Amino acid sequence: MSNLQTTLTGFSRYRGGEGHYSFILHRLTGLGTLLFLTIHILDTATVYFFPSLYEHAIDIYRSTPFMIGEIFLVFAVIYHGVNGARIALFDLYFTKRWMAKSQRPSAIWTLIIAVVLWLPAAFLMLRSLLVHNFNL
Amino acid sequence: MERTIEKTNLNINYDAVAWKWMRYSGLLLIPLAWGHVLIQDVLVGVHQIDIDYVAMRWATLGWRVYDFLLLAFAFAHGVNGLRQVLHDYVQKEKSMRTISRLLLVLWFLVAAIGALAIVGGVRMP
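So the sequences go chain by chain: Y and G. For the first sequence, the working numbering begins at 1 and goes up steadily by one. For the second sequence, the working numbering begins at 1 and goes up steadily by one.
Result set (DSS-like, lysine-lysine): computed pairs, CA atoms no more than 27 Å apart in a straight line:
| no. | chain 1 | residue 1 | chain 2 | residue 2 |
| --- | --- | --- | --- | --- |
| 1 | Y | K101 | G | K20 |
| 2 | Y | K96 | G | K20 |
| 3 | G | K20 | G | K92 |
| 4 | G | K20 | G | K94 |
Since the hints were made in silico from the structure, they are not lab data. Given the structure is predicted, the values throughout are model-derived calculations rather than measurements.
The task is simple: from the sequences and hints, build the whole structure.
Have a look at this one:
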């Protein structure tokens with residue numbers, strides 16, 4: 001556990017700048033998505049194993065806290081994808097183009113692209129939340 | 001000067017394969033996962049989704065194959081990612097071996113449940 005503590009406090013002490021933050025964000029968005037994915041596989045599987053329970057599972061997803069969580073989940077999936085593409089492309093195809101210096105702007109651009117892709121999705125989902133749960 | 005770059009022979013162990021596989025599966029997951037999220041979460045929305053909707057979607061074989069690929073790649077990518085994260089925190093090799101085995105069992109159970117549901121299809125209540 002002291003290991004974990006060192007790492008958690010180290011996250012705030014280590015001043016790695018943009019690359020460090022993109023590393024943390026990549027992990028958090030990945031772990032968050034995995035948590036949801038595990039629940040999502042099991043609840044969808046009820047359509048075969050316990051069909052009468054599916055409606056109940058969907059009702060939970062329709063609640064306001066879950067719909068807000070869903071908006072953040074979509075950000076997590078988008079950011080993890082954009083940043084993952086950056087990592088994969090540099091690691092697999094543009095290995096010689098990788099430069100420490102260009103990683104800083106590259107990390108910032110990744111965040112900007114992710115937010116720009118997320119905003120229209122967030123708008124539509126927020127609208128759906130307001131229409132269905134608040135009768136607006 | 002070209003000669004200064006030499007090819008080195010590294011031992012290709014499991015983690016070297018996993019490292020590469022994470023990148024290839026990640027690239028494949030961008031269209032698969034984004035497409036799924038865009039359709040179901042953003043365009044259709046959770047209020048339009050019910051068991052009839054799932055039955056309608058799975059009536060098309062193409063969507064079942066799509067969901068099966070998504071399940072296979074996304075969940076394995078995620079569980080292996082969790083294994084990589086835990087590797088940074090667990091220093092004892094023996095503990096890490098145990099954790100890896102537990103994750104393999106978890107992966108197999110959940111993936112099998114999901115796969116059975118996709119193959120079995122919707123049973124109307």
